[in-house]
Amino acid sequence: MTTFEYPAVELRTSPHIKSEITTPIIMRNVVYALLPLVIYAFVLFGLSALSLIIVTTAVCVITEYVFCLLSNRPSTLSDWSAVITGILLGLVLPPGFPLWMAAVGAFFSIAIGKVLFGGLGYNVFNPALVGRAFLQAAFPTSITSWTPAFFAGRFTSFIPSTLALPFGKPPSLTQFIQERAVDGFSGATPLALFKFQGITTDSFKLFTGMISGSAGETCALLILLCGAYLVVRNMLDWRITAGVLLSVFLLSGIFYVLNPQRYPSPFFMLFSGGLMLGAVFMATDMVTSPTTPLGVWIFGVAIGVITVVIRLKGGLPEGVMYAILIANAFVPLIENLTQPRVYGTVKRKETVKT
Amino acid sequence: MSLASQWTGVKTFPRGIHPPEFKEMTEDKPIRRLAFPPELIIPLSQHTGAPAKPIVREGQEVVRGEPIAEPSGFVSVPMHAPATGVIEKIGLARDARGTMSPAIFLKAYPGATQEVLYGKDVNVDALSREELIKAVQSTGVVGLGGAAFPTHVKLAVPEGKSVDTVIANGCECEPYLTTDYRVMLEYPADIIKGLQIIMKAMGVQRGIIGVEDNKLKAVEALTPHLPADGSISVQVCKTKYPQGAEKMLVKALLGREVPSGGLPIDCGAAVFNVATLAQIGELLPRGQGLIERVITITGPGVTRPGNFMTALGTPLRYVLDFCGYKGDDLAEVILGGPMMGVSIGTVDIPITKGITGVLVMTRDALPSALADLATDETRALPCIRCASCVKACPMGLNPSALGALGRKGEYEDMAKHYHLFDCFECGSCSYVCPSSIPLVQYFRIAKAVVRQKQAAAKS
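Chains as they are written, first to last, in numbering that gives the first Met the number 0: chain G, 0 to 353; chain P, 0 to 458.
Rather than coming from a laboratory, the hints here were simulated on the basis of the structure.
Don't take every hint at face value.
Taking beta-carbon pairs under 10 Å as the criterion, some of the chain P residues facing chain G (in silico) [to be verified]: (1) Y175; (2) L380; (3) C425; (4) K452; (5) A456.
Just so you know, these numbers come straight off a predicted model, no measurement behind them.
Glycine residues also receive a C-beta, built at the ideal position from the N, C-alpha and C atoms.
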């Protein structure tokens, strides 16, 4: 009988193999999926949109890094989640949004929206939307100052408000839009046009995103394609997106059937504003959405319903952001009430405390 | 049963995972007989239950197949001499857990024929149910799928319970392992025979052999041997881990669920591994005992992987040497499959009844996520609540919530509110977790702590 040398081995508990999909890989793929939207934002709105997204991303990354330093923890930048927050925040701001305000918003997103809760995985609200909600409250005028798509000279010059000085009053865009706008492209967003002037925008324009709006939220088609990439890679929960879109379509469809003069068509509701970006990339944020199979549907439908109610009955033209933030707050409750039935048990036990 | 399974006829259970199979290394290698080692070590406790009592003394000569230890109770089985030779001593030997336990040391005679002469033919048809259960016990057969639970114990249906279906488990959902697959290909008649014996012993009219759809050749091999009366059928299950867990198999084949904390018998089913049935089918009619089993030796750490008929008690060192054990760059030697197997610290242990295979992993072959973990325990990232584990857990638990509690040491809360004890540690959650959180490992700790506390409260 032989006596081979038996080297030191590692003793580990099962399982001894592991899926190669890791959190940084998931996050990196979300970034890949967002890049086409960044490029399209650049095509529509030029340098201003691009620099906006770069600034928000850079500030988010730097903020996270600084907080890691301050709290004496290893840098968490390698998980790529700060990059996602940065890009998403840039995408949901008006393209001519002053860069210094964007930087403040990005800082707020990471500092208040994420790090304060304990970092990745512990935040209750979507950090990018926390930042945007803060900006909406702090700078209500700038965040509703829209620029038409395809304005002349967008690749060579900035929208005047982009480079506004900190704490100064950003220049008005009225004159700029009159000078630069291509025929047929208005400065107001389709939702605002509808809400305040009763004008509906052509569905095809909405679907392809050749309208004014936030930097990256305009093209429903592109957003759906990018989302489909993540769904195929099993990195995005399509049920949430489906829940949001279906409930918006059905609820606004009911309103439309009851009174087509007063309420917009369900297609208009689907493809306008930030709904598509919200439904595909914001509501599906893993950290701030439920983990239970039934919970994700409830969560999605809740976002859809709140969005329609705000848009049609509230004072604001757009409600996706608040809808998602409100639904975020209910995630622990939703999860509690929708714990899946365990194999071999008759019924879910009484609700549990968390 | 899902809609999809009704359309395709392929049975399955909800959730589960799809790890790479790695079966191609050994699946086409016929079972070969491994040479007898000069010395065999037969632990007296290689099954669940009371250890066997030796009935031989030092220096006694035994022939292959002769009983050398008798059961010490109902939940116990006899041992038979795996080779003709002389009893060297009865002493302590190291087992897979690393502890020392009593064992019979047997020196094989190099010149012996090693023919199994021991045993008297049994007329199965003439035996009553009780006599059959006794006959199964005397074969020394235990669950060869890894559990090593004495088979005859499962045959005694307790008062007030009834069984309508006996399931033969041919799923072998663990990656790498091909033991059951080869047994189904090469001993189909024995499996059917064994299943019929079990059905008779339990008084059951229906038998189902469940086979995953990556082993359709096994279905082809089994089908011609099915009895004409239609009492036994082969059903194809989806290839999915852990399809071979008995709870999942019962759900897939019968659409029933084993009640929480119960056994398959509580929902009218009994599940037996195909290798177990093959041994009963072969041994019981001849009145013989279990002296060998098929094991898969595989993994990137051996140069000659394969499926081997191995005499029980063969030292693992001897087996690995035969298979071209590389030695260098070694990461782990695992008994069983990579999902639920146990890694061992020494190769100086014998092959026992419950060992289905030996997987030798090298450092290169380990997934990078796991390799990272090994070098730095703090590599686990925060839970991003991706719900991968919720979608994976075959029991419908919420590993994400359980893991969060586990991290905080809230073990009792896990047991009370999150069904901790329904977890059977298949490891699917840890496998899929993108943040490399050691979920099932937390659950094991939690179970141990809660059990300890419960025991302390009782005493």
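Cross-check of the supplied hints:
1. Y175: holds, 9 Å
2. L380: Holds. Min distance 5 Å.
3. C425: Hint holds; P/C425 Cβ to chain G Cβ min 8 Å, cut 10 Å.
4. K452: Violated, about 20 Å.
5. A456: violated, 22 Å
The structure is inconsistent with the numbered hints 4 and 5, although it conforms to all the rest.
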